Amino acid sequence: MTTPVIKADKLTKRYGNHAAVDGVDVQVRAGECWGLLGPNGAGKTTFLRMLIGNTPPSSGQLHVLGHAIPGEASMMRRRTGVVPQKDNLDPDFTVAENLRTYAGYFGLHGAKLDERIQDLLDFASLAGKRDAHIATLSGGMQRRLSLIRALINAPELLILDEPTTGLDPQARQLIWQRLRALRAQGMTLVLTTHYMEEAQRLCDRVTVMDHGHILDSGRPDDLIRKYIEPHVVEVFGTGLETWHREVAVELAARSEQVGETLFYYASDELPLLEAVNQQPNLSYLHRPANLEDVFVKLTGRELRDGQ
Amino acid sequence: MDLFRYAIPNGTVTLRWFPVWKRNFRVWVKLAGPALLGNFGEPLLYLLGLGYGLGSFVGNVQNMPYIVFLASGMVVSSAMMTASFEGMYSAYTRMDVQKTWDAMRATPLDVPDIVIGEVVWAATKSLFSGAAILIVAAFLGAVASWQGMLALPVVLLTGLCFASMALVITAFAKNYDFFLYYNTLIITPLLLVGGVFFPLEEMPPAIQWLSQGFPLIHAVELVRPLITGLPLNNPLLHLSVLTVYTLLTLLLAIKLIKRRLMV
Numbered sequence: 001m002t003t004p005v006i007k008a009d010k011l012t013k014r015y016g017n018h019a020a021v022d023g024v025d026v027q028v029r030a031g032e033c034w035g036l037l038g039p040n041g042a043g044k045t046t047f048l049r050m051l052i053g054n055t056p057p058s059s060g061q062l063h064v065l066g067h068a069i070p071g072e073a074s075m076m077r078r079r080t081g082v083v084p085q086k087d088n089l090d091p092d093f094t095v096a097e098n099l100r101t102y103a104g105y106f107g108l109h110g111a112k113l114d115e116r117i118q119d120l121l122d123f124a125s126l127a128g129k130r131d132a133h134i135a136t137l138s139g140g141m142q143r144r145l146s147l148i149r150a151l152i153n154a155p156e157l158l159i160l161d162e163p164t165t166g167l168d169p170q171a172r173q174l175i176w177q178r179l180r181a182l183r184a185q186g187m188t189l190v191l192t193t194h195y196m197e198e199a200q201r202l203c204d205r206v207t208v209m210d211h212g213h214i215l216d217s218g219r220p221d222d223l224i225r226k227y228i229e230p231h232v233v234e235v236f237g238t239g240l241e242t243w244h245r246e247v248a249v250e251l252a253a254r255s256e257q258v259g260e261t262l263f264y265y266a267s268d269e270l271p272l273l274e275a276v277n278q279q280p281n282l283s284y285l286h287r288p289a290n291l292e293d294v295f296v297k298l299t300g301r302e303l304r305d306g307q
Numbered sequence: 001m002d003l004f005r006y007a008i009p010n011g012t013v014t015l016r017w018f019p020v021w022k023r024n025f026r027v028w029v030k031l032a033g034p035a036l037l038g039n040f041g042e043p044l045l046y047l048l049g050l051g052y053g054l055g056s057f058v059g060n061v062q063n064m065p066y067i068v069f070l071a072s073g074m075v076v077s078s079a080m081m082t083a084s085f086e087g088m089y090s091a092y093t094r095m096d097v098q099k100t101w102d103a104m105r106a107t108p109l110d111v112p113d114i115v116i117g118e119v120v121w122a123a124t125k126s127l128f129s130g131a132a133i134l135i136v137a138a139f140l141g142a143v144a145s146w147q148g149m150l151a152l153p154v155v156l157l158t159g160l161c162f163a164s165m166a167l168v169i170t171a172f173a174k175n176y177d178f179f180l181y182y183n184t185l186i187i188t189p190l191l192l193v194g195g196v197f198f199p200l201e202e203m204p205p206a207i208q209w210l211s212q213g214f215p216l217i218h219a220v221e222l223v224r225p226l227i228t229g230l231p232l233n234n235p236l237l238h239l240s241v242l243t244v245y246t247l248l249t250l251l252l253a254i255k256l257i258k259r260r261l262m263v
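Residue numbers (my numbering), protein chains in the order written: chain A, 1 to 307; chain B, 1 to 263.
Just so you know, the hints here were simulated from the structure itself, not pulled from any lab data. Do not take every clue at face value.
Per label pair, the in silico range of CB-to-CB distance [as the list claims (entries may be wrong)]:
id, chain 1, residue 1, chain 2, residue 2, range
1, A, G71, B, V244, 29 to 37 Å
2, B, G38, A, D122, 50 to 58 Å
3, A, Q185, B, V244, 28 to 36 Å
4, B, T93, A, A253, 35 to 43 Å
5, B, L251, A, P56, 52 to 60 Å
6, A, P56, B, L252, 15 to 23 Å
7, A, H133, B, P235, 47 to 55 Å
8, A, G128, B, K174, 40 to 48 Å
9, A, G300, B, T93, 57 to 65 Å
10, A, H133, B, G38, 18 to 26 Å
11, B, L252, A, A127, 42 to 50 Å
Restricting the straight-line Cα-Cα distance to at most 25 Å, the calculated cross-link-like pairs of lysine to any residue (SDA-like) are [what the hints assert, rightly or not]:
id, chain 1, residue 1, chain 2, residue 2
12, A, K86, B, D102
13, A, K86, A, G110
14, A, K7, B, K22
15, B, K174, A, E72
16, B, K30, A, G41
17, B, K30, A, E256
18, B, K174, A, K297
19, A, K7, A, G41
20, B, K99, A, G139
21, B, K99, A, K7
22, A, K226, A, Q257
23, B, K255, B, K30
24, A, K86, A, L167
25, B, K255, A, A96
26, A, K129, A, E72
27, A, K297, A, Q278
28, A, K7, A, R29
29, B, K30, A, Y15
30, A, K10, B, W17
31, A, K226, A, Q177
32, B, K258, A, Q142
33, A, K7, A, G139
34, A, K7, A, A19
35, A, K86, B, L156
36, B, K30, A, A96
37, B, K258, A, L121
38, B, K22, A, Q142
39, B, K99, A, E256
40, B, K258, A, E260
Note that the structure is a prediction, hence the values are computed from the model and not measured. Ideal placement from N, C-alpha and C gives every residue a C-beta, glycine not left out.
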């Protein structure tokens, strides 16, 4: 039996009367990609800050890579990489100088470091930008630079706080590809994200968190099967409410209205599709259930304004 | 990707601030042109303008030409100004605006490493500017002998002292404007009653007493004799005041910045 890479027991962080993280139990195994999901203010970032020892827990136990946190956090961070939510690259330095300076914080230097910087630049498709200044890089390039900066110490554990927020689809795909490559090499990945597609594609296991509590954890496919009927039909158009009342409500296991769209959840979708096809004024989208349906079911539909 | 052997062994704290210092030094090197012009040009202008211009009215001060008196004072005041500026505006930029410290805190470095690195760096900049003025002063004939070199360690200590004090202020800062309180209430008064531009003895006794409670005059009392070749008066007292101020405010800065960031 191997010890878990992350082990949190009843981990709690209180600010005054408010518990940002409230009695959370988490285990992350070596080599897995674990996603921490939750709306704004759910406690994800506070959890990550405790994880790397940047804020002490109010109570509970936390071990990362076998080190007690926060007491041995510095030793743990030696073996860990962190990609922050907002890039904090050094604007006065070029791409290579950023990597070299950051390596210095780990005590790394010399000819081997030069080799490693070249390898990492190739890995992130940034070899041509070696001497470019940070301000001249696109958002996607800055994000990739943040990623390889976090890899400079060849970490066993990589922690990413919303790695692709604000990136265009191409840039996002490129990051995903690199993260899958790292996972294939056996690196343990921990990431927070708002993008359920990202979590579904990358993560072996996800935990959904809200108001500082864990709502559920599991493999994305298992969670989808557990909470959502396999078929989802989204219907919108004029006359929707009458049609819903008189026809559709009988045809789906479950339905839910969000704005001007009705979501129908069904194990057998055919009667519903047949019925909606007879309504020329209604449009629909038929798709398999996904992690976003689970997320919304668990955390609700109301809008959260960010912390 | 090979695993590296780490150059910093586990548990050694002693030199962990050095990469922080090195980062700041590397940025300084990139902008060294204008920095050096400022280091040499400004004091040259002040010494020529005030030293000769004002000096022609003033004549001798404490039995030395005014330019000599002024040059030895400016070596110290520039150390104070440089360290204070770096410890406030520049450190605040790295802490709050650029989030450079956040990046460092994702590595093995801890808050004390960062604060000590910043203090030593700010003191290093003080040393640069103090040395530049010493060189200018020597060219103007204001340095008595090679003994003047001994002023440099005192300048470094002065830089450590005022950088630590500045970081205490930075621990409370919510924006750049906040530093005006410290500049107006502490730095400028010290500049005027710290024996830089005119002797402290000319001041009312209450102000003399007050000034003795702050580190600047003690640095001046060490540096001026060293540069002008006069005997040192009470050097241990002056060194002690500077050292105690440095250690206490450094520990306080670490504690306060920890409290600010570890939330």
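Here's how the hints hold up against the structure:
Checked against the hint of 29 to 37 Å, the pair G71/A and V244/B passes, with Cβ atoms roughly 31 Å apart. Evaluation of the 50 to 58 Å hint for G38/B and D122/A yields a failure: the beta carbon distance comes to about 41 Å. A C-beta distance of roughly 53 Å is found between Q185/A and V244/B, which places it outside the suggested range of 28 to 36 Å. One distance hint, 35 to 43 Å for the beta-carbon pair T93/B and A253/A, is violated here, with the actual separation near 57 Å.
For the pair L251/B and P56/A, the supplied restraint of 52 to 60 Å is violated, since their beta-carbon distance comes to about 20 Å. Distance hint for P56/A and L252/B: a CB-CB separation of about 20 Å, consistent with the stated range 15 to 23 Å. Separation of H133/A from P235/B is about 48 Å and conforms to the stated range, judged on CB atoms against 47 to 55 Å. Checked against the hint of 40 to 48 Å, the C-beta distance between G128/A and K174/B comes to roughly 41 Å, which is consistent with it.
Remark: the range hint 57 to 65 Å for G300/A to T93/B is contradicted by a beta-carbon distance near 41 Å. Taking 18 to 26 Å as the suggested C-beta distance range, the pair H133/A and G38/B conforms, at roughly 23 Å. For L252/B paired with A127/A, a C-beta distance near 47 Å keeps the hint of 42 to 50 Å intact. For a cut-off of 25 Å, the pair hint linking K86/A to D102/B stands: about 10 Å separates their Cα positions.
Taken as a hint, the K86/A and G110/A pair is broken in the structure, with Cα atoms around 29 Å apart against an allowance of 25 Å. A distance of roughly 36 Å separates the Cα atoms of K7/A and K22/B; the hinted pair therefore is violated under the 25 Å criterion. For the hint linking K174/B to E72/A, the alpha-carbon distance of about 31 Å lies beyond 25 Å, and the restraint is violated. Of the pairs offered as hints, the one joining K30/B and G41/A is violated, with about 41 Å between alpha carbons and a cut-off of 25 Å exceeded.
Straight-line distance between C-alpha atoms of K30/B and E256/A comes to about 60 Å, which puts the hinted pair past the 25 Å bound. Annotation: proposed proximity of K174/B to K297/A is violated, straight-line Cα distance about 40 Å (limit 25 Å). Restraint check for K7/A and G41/A: the C-alpha separation of about 22 Å stays at or below 25 Å, so the hint holds. Between K99/B and G139/A the CA atoms are separated by roughly 17 Å; this keeps the pair inside 25 Å, and the hint holds.
This hinted pair does not check out: K99/B and K7/A have alpha carbons roughly 29 Å apart, beyond 25 Å. The suggested pairing of K226/A with Q257/A holds, with an alpha-carbon distance near 21 Å, which does not exceed 25 Å. Proposed proximity of K255/B and K30/B is contradicted: the alpha carbons are some 32 Å apart, above 25 Å. At roughly 12 Å between alpha-carbon atoms, K86/A and L167/A fall within 25 Å of each other, so this suggested pair holds.
Distance restraint check for K255/B and A96/A: the Cα-Cα separation of roughly 34 Å exceeds the 25 Å cut-off, and the hinted pair is therefore not satisfied. Between the alpha carbons of K129/A and E72/A the distance comes to roughly 36 Å, so the proposed pair goes past 25 Å and is violated. With a CA separation close to 29 Å, the supplied pair K297/A and Q278/A exceeds the 25 Å bound. For the suggested pair K7/A and R29/A, the alpha carbons sit about 9 Å apart, so the restraint of at most 25 Å is met.
This hinted pair does not check out: K30/B and Y15/A have alpha carbons roughly 42 Å apart, beyond 25 Å. Taking the CA atoms of K10/A and W17/B, the gap is near 34 Å; set against the 25 Å cutoff, the hint is violated. Taken as a hint, the K226/A and Q177/A pair is broken in the structure, with Cα atoms around 28 Å apart against an allowance of 25 Å. Taking the CA atoms of K258/B and Q142/A, the gap is near 29 Å; set against the 25 Å cutoff, the hint is violated.
Note on K7/A and G139/A: the hinted pairing is violated, with a Cα-Cα distance of about 34 Å set against a maximum of 25 Å. Restraint check for K7/A and A19/A: satisfied, since their Cα atoms lie roughly 20 Å apart, inside the 25 Å limit. Distance hint between K86/A and L156/B is unfulfilled; the C-alpha atoms sit about 36 Å from each other, more than 25 Å. At roughly 15 Å between alpha-carbon atoms, K30/B and A96/A fall within 25 Å of each other, so this suggested pair holds.
Distance restraint check for K258/B and L121/A: the Cα-Cα separation of roughly 34 Å exceeds the 25 Å cut-off, and the hinted pair is therefore not satisfied. Of the supplied pair hints, the one linking K22/B and Q142/A holds, its CA atoms being roughly 23 Å apart against a limit of 25 Å. For the hint linking K99/B to E256/A, the alpha-carbon distance of about 43 Å lies beyond 25 Å, and the restraint is violated. Only pairs whose Cα atoms come within 25 Å are accepted, and K258/B paired with E260/A is rejected, the gap being roughly 50 Å.
In terms of the numbered hints stated before, the structure departs from hints 2, 3, 4, 5, 9, 13, 14, 15, 16, 17, 18, 21, 23, 25, 26, 27, 29, 30, 31, 32, 33, 35, 37, 39 and 40, listed from lowest to highest.
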